[in-house]
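Chemist: Heads up: the protein sequence lines correspond to chains U and D, in order.
Take the working numbering: the last position of the first sequence gets the number 247, and nothing is skipped along the way.
Take the working numbering: the last position of the second sequence gets the number 255, and nothing is skipped along the way.
Hints were generated in silico from the structure; no laboratory data involved.
Fair warning: there could be bad hints in the mix.
What the hints assert, rightly or not - Chain D side only, calculated, beta carbon under 10 angstroms to chain U, not exhaustive:
#: 1; residue: W5
#: 2; residue: A94
#: 3; residue: L95
#: 4; residue: L124
#: 5; residue: V125
#: 6; residue: A242
#: 7; residue: W244
#: 8; residue: R245
#: 9; residue: L246
Ideal Cβ placement from N, Cα and C applies to all residues, glycine included.
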Amino acid sequence: MTPALSVSHLRKVYKSGTVGVSDLSLAIAPGDFFGFLGPNGAGKSTTIHCVTGIANPTSGTIEIFGVDAVKRYREARRLVGLSPQEFNVDTFAVARDIVDWMGGYFGMNAGARRARVDMLLEKFDLVRHAKKKFRELSGGLKRRVMLARAMVNDPPLLILDEPTAGVDVELRRDLWRYLTELNAEGKTILLTSHYLEEVERLCRNIAIVANGCIVRRGSKDELVQEPGGLEAAYLRATGAECDHVAA
Amino acid sequence: MGVNWIGLWTIIRREWSRLMRVPVQAFVAPWISATLFIFVFGFVVGRRISLIGGHRYIEFVLPGILMVNIVNAAFLQSSSQIYFSRFLRYIEEALVAPLSYAEMIAGVIAVVVARSVITGIGILVIATAFGATSIASLPEFLFWIAAVAMVFGLLGIVIGLWANNFEQLNILNVFIITPLSFVGGMFNTVAMLPGWLRWLAYANPLFYFINGLRHAMIGYTDANEFIGIGVAVALAVVMSLAVWRLYAIGYGLRE
Chain U
1 MTPALSVSHL RKVYKSGTVG VSDLSLAIAP GDFFGFLGPN GAGKSTTIHC VTGIANPTSG
61 TIEIFGVDAV KRYREARRLV GLSPQEFNVD TFAVARDIVD WMGGYFGMNA GARRARVDML
121 LEKFDLVRHA KKKFRELSGG LKRRVMLARA MVNDPPLLIL DEPTAGVDVE LRRDLWRYLT
181 ELNAEGKTIL LTSHYLEEVE RLCRNIAIVA NGCIVRRGSK DELVQEPGGL EAAYLRATGA
241 ECDHVAA
Chain D
1 MGVNWIGLWT IIRREWSRLM RVPVQAFVAP WISATLFIFV FGFVVGRRIS LIGGHRYIEF
61 VLPGILMVNI VNAAFLQSSS QIYFSRFLRY IEEALVAPLS YAEMIAGVIA VVVARSVITG
121 IGILVIATAF GATSIASLPE FLFWIAAVAM VFGLLGIVIG LWANNFEQLN ILNVFIITPL
181 SFVGGMFNTV AMLPGWLRWL AYANPLFYFI NGLRHAMIGY TDANEFIGIG VAVALAVVMS
241 LAVWRLYAIG YGLRE
């Protein structure tokens with residue numbers, strides 16, 4: 001079966017000489033809910049940027065549902081929705097326009113776009129805030145706009161980089177529910193998060209990244225059953241010292 | 001894959017909405033500036049200058065005033081659009097979308113030309129009040145507006161991709177474009193220059209643009225207008241290919 005995402009020997013070296021990703025390979029099956037963990041600077045976001053076209057890979061290949069993400073980038077990008085970690089938004093634009101424009105970029109006609117944007121604004125409880133400028137929104141509301149924007153084109157592969165950072169408990173739980181529904185419908189989801197509870201609750205398979213490469217991978221069940229649970233497995237994989245809580 | 005027309009239209013309407021956040025800066029400011037130039041140089045000073053090529057001085061300087069404002073409008077529109085989209089990182093929205101580089105560039109240039117045309121029309125209306133508006137050849141006039149807007153819009157994209165701070169964003173305009181505009185025949189004919197300085201006019205692309213627009217408006221020319229058309233077309237083609245290449249390699253766009 002063609003993987004939803006196939007990354008083969010990805011290497012990314014920045015102009016400054018910093019190695020963002022040294023040698024990373026992974027394959028995510030269609031319909032998987034895949035957790036991508038690692039400490040800050042491990043290479044998670046760099047990998048995501050290379051997959052989605054925000055960064056140029058130095059070497060390696062990336063395929064999205066079998067489509068080369070570099071050589072056939074336009075076809076590949078139709079298949080992906082991204083909610084990045086940083087707010088990469090025109091902060092003077094209103095929430096509705098931000099989501100609507102992204103739908104337009106993906107070639108959605110006006111009618112389909114309006115319906116989809118209305119649904120997402122409703123889903124993320126943004127209707128009351130639809131006409132407010134992004135800069136006027138709270139951190140949690142900004143995160144909701146980012147998520148709505150990522151989903152506007154209903155992509156088969158959804159990449160969520162720290163989607164619940166700064167979000168309140170209610171939205172986090174609503175989002176978990178929504179993501180679980182989407183995954184049950186067949187959507188492939190790649191999630192990075194520092195909330196291990198979130199990864200444990202949602203993901204079926206996990207890869208742990210450190211120093212630009214994958215240091216551990218396995219099913220969630222496998223990692224959770226290790227002594228100390230997922231947190232201890234994570235700390236062992238990244239070389240961090242387990243404290244008395246995790247051990 | 002075919003052309004993403006909806007995506008292209010989205011870029012255009014998005015950039016238009018961004019432009020409409022600053023209508024006074026975008027349109028009223030150049031109209032006021034042009035009014036002052038027309039009044040002081042064209043009317044007050046011009047009444048004391050004898051005819052140039054059979055035309056009143058105010059008719060002679062108007063094409064230069066028009067061209068300078070079109071150049072500025074085009075350059076500022078694209079350079080600021082690209083720079084701020086990089087600065088706020090929302091350029092990444094286009095990078096993750098199924099948009100071709102040609103579509104991204106065409107979307108930016110479409111709004112550049114629209115802004116330049118509106119700026120130009122406003123100046124023509126103002127000049128009518130001084131009895132200075134005439135267009136000898138409408139097709140040639142429209143060619144110059146569109147071609148120059150495109151050339152400087154593309155140059156603005158290059159600077160927008162290159163600049164890493166606000167100062168760099170304005171360097172080219174302050175030290176190159178504006179000076180070249182003023183010594184590009186805006187106020188004078190080539191014959192008015194000292195002999196040893198005339199080569200500077202012929203080596204200045206802005207001279208051909210101003211001269212070309214002047215020919216389109218009042219029929220006066222200081223050089224073969226087809227050389228100017230050739231320069232404009234060549235620059236538009238070279239700049240288009242260069243900008244497309246910069247997008248393809250991700251210069252200033254992708255890490």
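Chemist: Are the hints correct? Go through all of them and say.
Modeler: Now the hints, each set against the structure:
The restraint placing D:W5 at the interface with chain U holds, with a minimum CB-CB distance near 8 angstroms, inside the 10 angstroms limit. Checking D:A94 against chain U: minimum C-beta separation of about 6 angstroms stays under 10 angstroms; hint holds. A hinted interface residue such as D:L95 counts as satisfied when its beta carbon comes closer than 10 angstroms to some beta carbon of chain U; here the least separation is about 5 angstroms, so the hint holds. Because the beta carbon of D:L124 sits about 32 angstroms from the nearest beta carbon in chain U, more than 10 angstroms, this interface hint is broken.
The restraint placing D:V125 at the interface with chain U is violated, with a minimum CB-CB distance near 30 angstroms, outside the 10 angstroms limit. A least Cβ separation of about 19 angstroms between D:A242 and chain U goes past the 10 angstroms threshold, and the interface hint is therefore violated. This hint is violated: D:W244 has a C-beta 15 angstroms from the nearest C-beta of chain U, more than the 10 angstroms allowed. Because the closest C-beta pair between D:R245 and chain U is about 14 angstroms apart, greater than 10 angstroms, the hint is violated.
Because the closest C-beta pair between D:L246 and chain U is about 13 angstroms apart, greater than 10 angstroms, the hint is violated.
Comparing the model with each earlier hint shows violations of hints 4, 5, 6, 7, 8 and 9; every other hint is respected.
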